[in-house]
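Q: Sequence:
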Amino acid sequence: MCFAQVDRSSLKGTVRDSTGARIHGATIRAVQTSTGLAREAVSSSSGAYAIPELPIGTYRITCLASGFQQAVFDSIEQSVGRTRTLDITLAVGGVTQQVNVSSLTSQLDETTAALSASTEPEQVKDLPLNGRNWSTLTALVPGAVDTGGSNQRSIRFAGRGLDDNNFTYDGIDATNIVNQAQQPFVRLAIPTEAIAEFRISTMLFTAENGSTPGGQIAVVSKSGSNTFHGSAFEFLRNDLFDAREPIDTLNPHKPPFRLNQFGSSLGGPILLGRSFFYLMYEGLRQTLGQTLPGFVPTDAFKAQVTASSPVLVPILAAYPEGSLPVAGSPDTAEFVGSGRQLDHEDSAMLRLDHRFSTADTAYLRFNFDAAFSDLPLVEGGSYLKDR
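Quick note on numbering: this note's numbering labels position 97 of the sequence shown as 97, and the sequence is numbered without any gaps.
Since the hints were made in silico from the structure, they are not lab data.
Distance windows between CB atoms, simulated:
{"hint": "1", "residue 1": "310", "residue 2": "260", "range": "46 to 54 angstroms"}
{"hint": "2", "residue 1": "67", "residue 2": "40", "range": "18 to 26 angstroms"}
{"hint": "3", "residue 1": "40", "residue 2": "268", "range": "24 to 32 angstroms"}
{"hint": "4", "residue 1": "366", "residue 2": "331", "range": "58 to 66 angstroms"}
Idealized CB from N, CA, C, for every residue including glycine.
Take the sequences, apply the hints, and build the full model.
A: The structure is reproduced here in structure tokens:
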């Protein structure tokens, strides 16, 4: 069984001359500027052409027909899951003449009525992301509803339930990877640094996306190119930059907070124009201090119980001393302690791409993620002496 791949893009349009007549037999060539990957199509008798299954990226589009000037379109951006319509008008002239178009302003996808939006690397890099969690940006898509938390476990689309969302990573189902309800502390299952872009269709999407009725989130990983490129980064948060939370006023000491996210990436050619690699690592280290309130018996209640049931003295002695009275409850006092949450996560990705021919390409991607979390013990919402 074969599944539709939704990690790519398409290009289509119609070739005409200056009078509007359609041109048959024009050659349209799309060349990816980063890798040199080339795809071609020939216009039909109606002047129409289509180049499907283009990897995302920036392209140079050329159109050539006998007796007409060559048209060249530079810096054409192909986005994931999108079919770009590029209608071309050729002027009469010799084959050595050419017309260059440096920009293309139309961003309308004329092939689908789906309500959708794509998020590109510039947005991921420039917009503030709490904890570098890429899924925070999914709340900005039309039709998104954030039920709290701004992550892949709290955002649903167009009135559908959370379980109706469908995630794909490079066209492969990844719903169970990014929606790990049993591991809510995992953040880097798909690291932000490894994402080239992602697209979300919230409603009216076509059949190749519709494995579930909810939002369709298509994530595409980064890949290498003909030039070496890399990055190194560290992001930090510290309690020195934060104000006290209201509950922290009960604690004489401000709880410590240290969050460091760091990593690096490197991509480039193995065989120029044919084989490429991309390797990245990201780590997360967090120490989060927490003010932990709890309810304990007052000294007066302990004395009353001791007098009536001496056998319970060892149990009463296990309770810490309360520091604050509880209004309306003379037998109960409030204890204020502190705890520490530790998060430790490492994530890595390796992607290898190879082009066998203009029509055949393949890639191998390996993802690794290991996470550890140590949380304060909680029982019924109350904390007691957990350190």
